[in-house]
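Construct the entire structure; sequences and hints are all you get.
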Amino acid sequence: MGKSMTSKAGSSSKKDSVKKCTCDHPFQCNCGNRPERPSRGHKWDPTLQQWGGKGHKQKGASGQTASVATADKITSVGNVAIKQWQKLPSKILSELCKKDGKGVPFYTSVKGRGGGDADGGAGAGGGSHRYKVIIPATNKKSNTNDNDVVLTPSLSVSNEEQAKEEAALLGLLYLFPKLPHERTLPEPYRATFLAALKNTQGGGGAGDVEKSGEKTSGNSKSDSKSTIPTSFPAAATANTQLTANLPSFHKASTITSTPILTKAQMNEVRKQHQREVQGRIRKHEAIRNANKPMEVFMSATFRRRIERLLTGDGSNMEDDDRDDDEEVLDENGGDDDEDVVKSYVMQRLIHEGFTSSQVRKAYKAVYPNSNASIDENQDDQLMDKAYEEILQYLCIHLKEDQLPLGFDPRGGTLDVVRPVSKKFGEIGSGVGGTNNNGKDKDGGAANDEGYDANIVQFANQFGLDPKEAIAVLSFEGKHEGVPLSSLPQTKEFQRQYKLWNALMETVSLPVERMCFFCNVSDEMSDEERERNEEASANECEALEAIFDSEEFSIKRLESTTTISIDLPFGDCTLFLEVHYSQGSYPDLLPMVFLTTGNATQATKYRFGGNLHLKMIRFLSEITPGQECIFELFGYVQSLLQEEEEQSSLDNTSALLAKF
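Letter by letter, the sequence shown follows residues 60 to 718 of this note's numbering.
Any given hint could turn out to be false.
Unchecked claim - Derived SDA-like pairs: lysine to any residue, alpha-carbon spacing no greater than 20 Å straight-line:
1. K614 x F552
2. K557 x E589
3. K330 x E603
4. K351 x K557
5. K557 x I675
Said to hold, decoys possible - Okay, the calculated beta carbon distance ranges per label pair:
6. S187 x Q109: 52 to 58 Å
7. N348 x K614: 50 to 56 Å
8. S679 x D607: 26 to 32 Å
9. R362 x L616: 44 to 50 Å
Keep in mind that the hints were calculated from the coordinates and are not lab data.
Ideal Cβ placement from N, Cα and C applies to all residues, glycine included.
What follows is the structure in structure tokens.
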């Protein structure tokens, strides 16, 4: 009995002394506890602690025994169960980017909660974690460039791991949309991917989202009992509202099928929009230039005939013909050759641009009995006197459009001196204590020309003559009930306001069509204001696309907007300034000036009075509600080119003649 007991005890000790192989490799052993491999092809079974069979090598076989199933892996933060054949979205994205030649994706935290709370899942929009994925364009280690893909979820989640994985899902969705990623994604990322695919494409991608969600919820319940611990505070959940916060360019007329993922694509869309804007502008200019009204030149007599025909008064047509016949008879059979003074006056005035009929009628009106009143011995003394009297008569009785082109009614003895108003120093223009045509109180000249320095500065800024500047600053215009206190109280604006008021009075432009001069803007409805603001904003956007930033600027204040465009003229640069109140343009016309900026030195720009009159006449012909800044720029540019082409500048002031 003792031997038998001893033998049994010895056999049990031998079994206990056999050590198990703890190596995981199917073919190699490092611990030395594995028996020798029978032959090549056998695979070690760690559960049975023995070598398995070779298996078969037919088509479709693995050439080895079936792999042993392993337990699901649980992520430490997201509490996601990953089966043996499944991978996280970040790992799938990294492998695909490496295979496609792109750089390794990396993730950065994004501040803010995105679009707010959502109803698509427990974690959708209800947390404070949000990450964006950046996929470099190449696998080279360099700084980021404009071709890098940047994707950011629109909503935040309550789980940090889920935030990163959802960013990776967006990368799979937009970069590799045709691959069936749902086959290898674990739950809940599979349901999230299918929902995002349905949202972007408008239909279920590789499977039904609702059914998969129901199936997923059932599996998650059963798995949670067996494998998933209950101690984790927050687990990843399905987010059925996963969308990317992609940059958009709503002003593009053509909507591309591909989303904008990089800065380079965004810049290309912006350039395309600029090309479309410039194309529309060129088309508009081509149509406008092709349909310009034909200019017709006619004599004063023929013009009177057309006016009478249009008004229906054709009874005086024969009288005009009779007057013309009499003028012809007078020219052929008159006594101009015998009257030396009359011949001298006619030759001189006709040479200056007056017609022979105008001079003859004026001479007849001034000297009804020329033969009796003028002595032949005093012809030399009376020639200049008769010339002055006839010239004064013509300047007084003829209309402005009947005067010769380029004739200066202020020249010679016809220079009309207008006294300065007593309130001249109280208009907020900075020109105080001046009288006697702009000289100082003590009678001394403020500069070489004998005018106050402030007057000269104002004249140089707007291209005016000092006399024009004095007349403008002393002008008392109408405001139609608009209190000056409601306007900007700057010195510069008060001067501009006075100049534009004088220009409006000169061309008889109604104040109800102008910004800053009437209360019409206060009576506009909200719809009209919104329409005006939208139209002016679109025009500013088009101007920004046309001009460079160095030659174009926009200054927006609380209630006014100022647009400045550079215009080269000779050796200096002029500035086309457009001022309008917000919400009133283009229904109301803006104030427009051509200035030298803050230049204090005199320049070649000395024809500002006539140029501003032409600009305000151009504005008066524009239909209310039509944008006019670009057309005005082209018109002023053509006026400056005409001035540069002239050999001598015309100093005739039509503005001063109106005062």
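Hint by hint, here is what the structure shows:
Between K614 and F552 the alpha-carbon distance is near 14 Å, which keeps this suggested pair within the 20 Å criterion. Under the criterion of a C-alpha separation no larger than 20 Å, the hint pairing K557 with E589 is inconsistent with the structure, at around 29 Å. Restraint check for K330 and E603: satisfied, since their Cα atoms lie roughly 12 Å apart, inside the 20 Å limit. The hinted pair formed by K351 and K557 fails the criterion: a straight-line CA distance of about 33 Å is larger than 20 Å.
A threshold of 20 Å between alpha carbons decides the hint, and for K557 with I675 the separation of about 14 Å falls inside it, so the pair holds. Checked against the hint of 52 to 58 Å, the C-beta distance between S187 and Q109 comes to roughly 54 Å, which is consistent with it. At about 31 Å, the CB distance of N348 to K614 disagrees with the hint of 50 to 56 Å. Range check, S679 to D607: about 31 Å between beta-carbon atoms, so the 26 to 32 Å window is met.
At roughly 47 Å, the beta-carbon separation of R362 and L616 lies within the given 44 to 50 Å, and the hint holds.
Violated hints, listed in ascending order, are 2, 4 and 7; each of the other numbered hints is respected by the structure.
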